Amino acid sequence: MDYSNKIKKVTTTTLSFVVAVFALLVLGTLNESYAQGINYPVGSPGATSGTGNARVDPDNYFMRNNVAGLTEIAVTDEEENNQELQDSGKGGWRILNEFQESVYIYRRDRINVADPNFGKSSRATIINPGVAGELTYTSGNHKFGFGMGAYQAFGFQSKFEEDPAKFGARSTFFDTRVASNDVAIGGAVRLTKQISVGAAFIFGRAFLDLKTPALQAFAFGLVRDSRLDVSDFGAPGVNVGVHIRPHKKLDIGLGYKSQRSYDLEGEFDTFELKGFQFAPNKRNAFVEFKLPAVGEAGFVFKPNKLIHIAADFRFYDYTETFGPPIVLFDRDTKERLQTINIMGKDVRSYRFGVIINKSEKTKLSFGGAYTTNGFPEAAINPGLVNVGGADASFGISKKIGERWFSVGVAAIQGRERKVGPPANRLFGGKYIGGGVLFSLGIRTNKVPLLSK
Numbered sequence: 031m032d033y034s035n036k037i038k039k040v041t042t043t044t045l046s047f048v049v050a051v052f053a054l055l056v057l058g059t060l061n062e063s064y065a066q067g068i069n070y071p072v073g074s075p076g077a078t079s080g081t082g083n084a085r086v087d088p089d090n091y092f093m094r095n096n097v098a099g100l101t102e103i104a105v106t107d108e109e110e111n112n113q114e115l116q117d118s119g120k121g122g123w124r125i126l127n128e129f130q131e132s133v134y135i136y137r138r139d140r141i142n143v144a145d146p147n148f149g150k151s152s153r154a155t156i157i158n159p160g161v162a163g164e165l166t167y168t169s170g171n172h173k174f175g176f177g178m179g180a181y182q183a184f185g186f187q188s189k190f191e192e193d194p195a196k197f198g199a200r201s202t203f204f205d206t207r208v209a210s211n212d213v214a215i216g217g218a219v220r221l222t223k224q225i226s227v228g229a230a231f232i233f234g235r236a237f238l239d240l241k242t243p244a245l246q247a248f249a250f251g252l253v254r255d256s257r258l259d260v261s262d263f264g265a266p267g268v269n270v271g272v273h274i275r276p277h278k279k280l281d282i283g284l285g286y287k288s289q290r291s292y293d294l295e296g297e298f299d300t301f302e303l304k305g306f307q308f309a310p311n312k313r314n315a316f317v318e319f320k321l322p323a324v325g326e327a328g329f330v331f332k333p334n335k336l337i338h339i340a341a342d343f344r345f346y347d348y349t350e351t352f353g354p355p356i357v358l359f360d361r362d363t364k365e366r367l368q369t370i371n372i373m374g375k376d377v378r379s380y381r382f383g384v385i386i387n388k389s390e391k392t393k394l395s396f397g398g399a400y401t402t403n404g405f406p407e408a409a410i411n412p413g414l415v416n417v418g419g420a421d422a423s424f425g426i427s428k429k430i431g432e433r434w435f436s437v438g439v440a441a442i443q444g445r446e447r448k449v450g451p452p453a454n455r456l457f458g459g460k461y462i463g464g465g466v467l468f469s470l471g472i473r474t475n476k477v478p479l480l481s482k
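Each residue of the sequence shown is one higher than the one before, starting from 31 at the first, in our numbering.
No lab work stands behind these hints: they were computed from the structure.
Heads up, a few of these hints could be off.
Lysine-lysine pairs mimicking BS3-like chemistry, simulated, CA-CA at most 27 Å apart [claimed, not checked]:
hint, residue 1, residue 2
1, K241, K150
2, K335, K223
3, K460, K196
4, K241, K173
5, K304, K223
6, K388, K279
7, K448, K460
8, K429, K278
9, K312, K279
Derived DEER-like restraints, expressed as beta-carbon distance ranges [what the hints assert, rightly or not]:
hint, residue 1, residue 2, range
10, F331, K196, 35 to 43 Å
11, K320, R257, 48 to 56 Å
12, I426, F148, 43 to 51 Å
13, K150, F331, 47 to 55 Å
Remember, predicted model here, so these are calculated numbers, not experimental data.
Heads up, the beta-carbon is just placed ideally off N, CA and C, and yes, glycines get one too.
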């Protein structure tokens, strides 16, 4: 291969990864790769419902899950097929990319007999694409590894639009979109044959786009739309992990992601009381937005080469980040404009999956998960729905040529939440949500120019 063709190939590979990072960080239009209302994590639905803290198979997202596992990635086809690592003498690159498409349906039934719209229902359908990808290197002797990844660490959307012809003068429109699209850069080292440690530096872009009735006017029975549109780059943080291999049939993973904080800035369009009427007003706004710390633990049991059984537990520290009031300030005058009281509760997610290595060119994966609620009854409104719930997933991966292609699907069912007085007098009702998530992925160990 001549020099110009090498340059062309490496340029194409680099640009493809940069485009994915650019889409996540800058465009902000590839919104939720999962809905925090249902808590489906980044990663292929077929990949055992997001288990990944202890897994070291090449289809895992190590930069998102446990960085320490980078030392244990198979660098040759022989290692992957035999499921036994050895000193190959030459390190291996790996690139993994995935596109996701999610469809969620939320419903609010008016069940309070005192509600003027008692017996009526409102629905919302939310369709969102998402992307994720990572590029990693593992040494031939498996003593170290490094990489970078782009993914969405946190995403939430809740949207309801009521028809005035059906709901009358107090019909409302809510659309809440919030996400943190991140890049992680890190590495891992093998301390002993049984233990590896790793860490990654994380930074990203977050946005909050909140469309709701203006609260001051709504308290007087008037529906006037307001919009908060703020964003920020930064929020540095770390992801640290330990991978333990006490037996050849058992892997254990422990991980911790630090709390991170964005200083979101932008515009706040609302209606404020001036004299005896509500008039439109635009403010330069500022709000501190925190992402919760996450503690994770998982294991993989490998009774034989055919079947791998994985389980994860994840703890999201919502009490620290979403427990205190979130205060919106005027950036110029420092005046307090609005206070959002979510009163968040810690979220716990229990995930389980099975990978079946059907052949050297075919893998099947099954999974399931249960996630608790993060927001109390008093905080729920059509723009802040949180139902927790369960998901079940299936995926298939096929090797075609030198590349692995995967297809996955997850069915998600949220729990029913009944909201009403005295905890919540304004936005009572029965809330429920569910949906489906599809994914398409591609993985290759033949990275142009990097893989010789």
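Outcome of the hint check:
1. K241 / K150: holds, 22 Å
2. K335 / K223: Answer holds: K335 to K223 is near 20 Å, not above 27 Å.
3. K460 / K196: Within the cut-off at roughly 18 Å; holds.
4. K241 / K173: Violated, because 50 Å separates the two Cα atoms, which is more than 27 Å.
5. K304 / K223: It is violated: about 71 Å lies between the C-alpha atoms, which goes past 27 Å.
6. K388 / K279: holds, 18 Å
7. K448 / K460: It holds: about 4 Å lies between the C-alpha atoms, which stays within 27 Å.
8. K429 / K278: The given pair, whose Cα atoms are some 25 Å apart, holds under the 27 Å limit.
9. K312 / K279: violated, 61 Å
10. F331 / K196: 35 to 43 Å: violated, 53 Å
11. K320 / R257: 48 to 56 Å: violated, 22 Å
12. I426 / F148: 43 to 51 Å: holds, 47 Å
13. K150 / F331: 47 to 55 Å: Given a distance of about 50 Å, which is inside 47 to 55 Å, the answer is holds.
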